[in-house]
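Colleague: Each chain, written out:
Protein chains: 2
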Amino acid sequence: MSRKKVIAVSGGVGGAKLSQGLAAEMDASDLTVIINTGDDSWHYGLFVTPDIDTQLYTLSGRADLDRGWGRSGETWNAMNALRELGEDVWFNLGDKDLGLNLLRTARLARGDRLTDITRDFARAFGIASTLLPMCDQPVSTQLRCTDGDYDFHDWFVAHKTKPEVRDVRFRGAETAEMSGEVRAALFDPDLAAVIICPSNPYLSIAPVLAVPGLQQALIDCPAPVVGVTPVVGGAAIKGPTAEMMRGFDVPVTATSAAELHADIFDGYIIDERDSDQLPDFTRRLPDLAVTTADTMMVDLPAKRRLARAALDFADELARR
Amino acid sequence: MSRKKVIAVSGGVGGAKLSQGLAAEMDASDLTVIINTGDDSWHYGLFVTPDIDTQLYTLSGRADLDRGWGRSGETWNAMNALRELGEDVWFNLGDKDLGLNLLRTARLARGDRLTDITRDFARAFGIASTLLPMCDQPVSTQLRCTDGDYDFHDWFVAHKTKPEVRDVRFRGAETAEMSGEVRAALFDPDLAAVIICPSNPYLSIAPVLAVPGLQQALIDCPAPVVGVTPVVGGAAIKGPTAEMMRGFDVPVTATSAAELHADIFDGYIIDERDSDQLPDFTRRLPDLAVTTADTMMVDLPAKRRLARAALDFADELARR
Chain E
1 MSRKKVIAVS GGVGGAKLSQ GLAAEMDASD LTVIINTGDD SWHYGLFVTP DIDTQLYTLS
61 GRADLDRGWG RSGETWNAMN ALRELGEDVW FNLGDKDLGL NLLRTARLAR GDRLTDITRD
121 FARAFGIAST LLPMCDQPVS TQLRCTDGDY DFHDWFVAHK TKPEVRDVRF RGAETAEMSG
181 EVRAALFDPD LAAVIICPSN PYLSIAPVLA VPGLQQALID CPAPVVGVTP VVGGAAIKGP
241 TAEMMRGFDV PVTATSAAEL HADIFDGYII DERDSDQLPD FTRRLPDLAV TTADTMMVDL
301 PAKRRLARAA LDFADELARR
Chain L
1001 MSRKKVIAVS GGVGGAKLSQ GLAAEMDASD LTVIINTGDD SWHYGLFVTP DIDTQLYTLS
1061 GRADLDRGWG RSGETWNAMN ALRELGEDVW FNLGDKDLGL NLLRTARLAR GDRLTDITRD
1121 FARAFGIAST LLPMCDQPVS TQLRCTDGDY DFHDWFVAHK TKPEVRDVRF RGAETAEMSG
1181 EVRAALFDPD LAAVIICPSN PYLSIAPVLA VPGLQQALID CPAPVVGVTP VVGGAAIKGP
1241 TAEMMRGFDV PVTATSAAEL HADIFDGYII DERDSDQLPD FTRRLPDLAV TTADTMMVDL
1301 PAKRRLARAA LDFADELARR
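If you read the sequences in order, they're chains E and L.
Just so we're aligned: the first sequence equals residues 1 to 320 in the working numbering.
Just so we're aligned: the second sequence equals residues 1001 to 1320 in the working numbering.
For reference, chain E alone in the conformation it holds in the complex (with noise of 0.2 Å):
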């Protein structure tokens, strides 16, 4: 490619894995990662920000492979004092990662944007990368859900996601905005692709499109945008896709998880285990490129591959 930067929009695990192997595969400062920050949400005073927070502790070599989530080495000692003190504390920060977040907090208090808190993190982690929040404004993803309305975490964490959900919604996005940094990348004319991760299409991807201007920048984006599935062989890798699917009475396929933002992608890659689909792309998505990989990252060469991959594919299509 001549063109050499790339964005990579993303939600939390999934995506941060396959961040972590293009932040491998490439010039990781040529990396630009947007995050979504409907997941944020206030305990005890804190706001926390898993997914920006999940990129922070992968790409540094922090996080909790093992677990699935957190800092490896973590401790649970503020939280148990809670209890202690008779808390129902059902979302669970460790106290390395309550760290990070008393100053996140303080800082955003004081006045500090999102994005310049997190740049300054991601510097402080030895990060080359550069992760954005989709947006400096709050956002909040709230659930509609046959037994009522959940915010994020609450059906999340404290539901488990059984609710079923019906409709999904973003408060506060309607009067949110592209930050600075947010929009230069989009329309870097040094930018040469858009990969959209493996993360929920409603609960992670969604909230980022959400972004006044967003969708629309990547519609228009002469870039290639490259669709990762996150649906193989009929379930999600992780997470409540698969459930959140079936309840919207949408096939648990990675055709349909492709056509529910289908707007936006030039190419998308399902998993190698589901080649049967391609003739449903071909017969439902037309206009879309679509090819094959392993998807399912379960270490750092299989990150790095999808990430090459991913990356080979939109040198491919910016080339058609």
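If you are wondering where the hints come from, they were derived from the structure by calculation, not from laboratory data.
Treat the hints with care, as some may be off.
[Said to hold, decoys possible] One-sided excerpt, in silico: chain L residues whose CB lies under 8 Å from chain E:
#: 1; residue: F1091
#: 2; residue: D1095
#: 3; residue: L1102
#: 4; residue: L1103
#: 5; residue: A1124
In this text, a Cβ means the ideal position worked out from N, Cα and C, and glycines have one as well.
With the hints as your guide, set chain L onto chain E.
Modeller: Just chain L, lined up with the frame of chain E:
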């Protein structure tokens, strides 16, 4: 004693030791500790009230007796995470301590009184005695030093008590109010004794007395008010009492310490090592009853012996 309620007026570590001795030597539920809150301050958005916490941890057996402050089995991962992010953290909050402070701050933010929060924490920790903040309004100890003005913790922790103190002020004290609970304790007809703990007279006892009406209530109190010296053998057991006395050109003796708040005391306990001070007391404070005891409180039996001595002395004063 026929009357059985006892009040202890206390700062941090020394006062907590004597409170623990009192709680063991009497029916703990008859003990009320009125605690200095002039050291309270904000760190990373958390409201930290060290003297209350020292009492909570000491009276519930959670204090780290070796370190002399904070909780036993404490970890420091949150503060270390802040340091990793480049913060110059000079105020060390353990992870368990942080959990308690998170909850207190969140409850204050929703309008709960410090008095109610402290009561709930004490109950959750199984403390039978009543712990009362000196008031529910913020009072902040300010030190005017030869080289400028300091907040208490800035002077105490960050500057290690080095700047020489010229004046101490309690910002907010003039508009503070005795809570209903403090008032009820002070005017309880069943009150048998008030023990002024061996805490720093300038930084721990003076702020309590600065709450409007509180000093007068102690002066008028029908129950004996017994002070315990914070000075032994020309030095303070702990903390900057001696340096401050020298800075104010006050001799570092038990007699001078007693003179600082002589108007409230009916009796005063000096250390048995300082019995050569007795003629000084007779000369300078002829109306004050004085006795000697071992005031060092090196272990629980020693705390109990001093508590017993104070209770017996008050009993004797009441019968005079």
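Colleague: Restraint: L1102(L) near chain E, CB-CB cut 8 Å. Satisfied or not?
Modeller: holds, 4 Å
Colleague: Please check whether D1095(L) passes as an interface residue: C-beta within 8 Å of a C-beta belonging to chain E.
Modeller: holds, 4 Å
Colleague: Is the shortest C-beta separation between L1103(L) and chain E less than 8 Å?
Modeller: holds, 6 Å
Colleague: So, as I understand it, the hint says A1124(L) touches chain E; can you test that by seeing if any CB pair is closer than 8 Å?
Modeller: holds, 5 Å
Colleague: Can the hint on F1091(L) be confirmed by a CB-to-CB distance to chain E that is less than 8 Å?
Modeller: Since chain E brings no Cβ nearer than about 12 Å to F1091(L), farther than 8 Å, the hint is violated.
The structure is inconsistent with hint 1 alone, although it conforms to all the rest.
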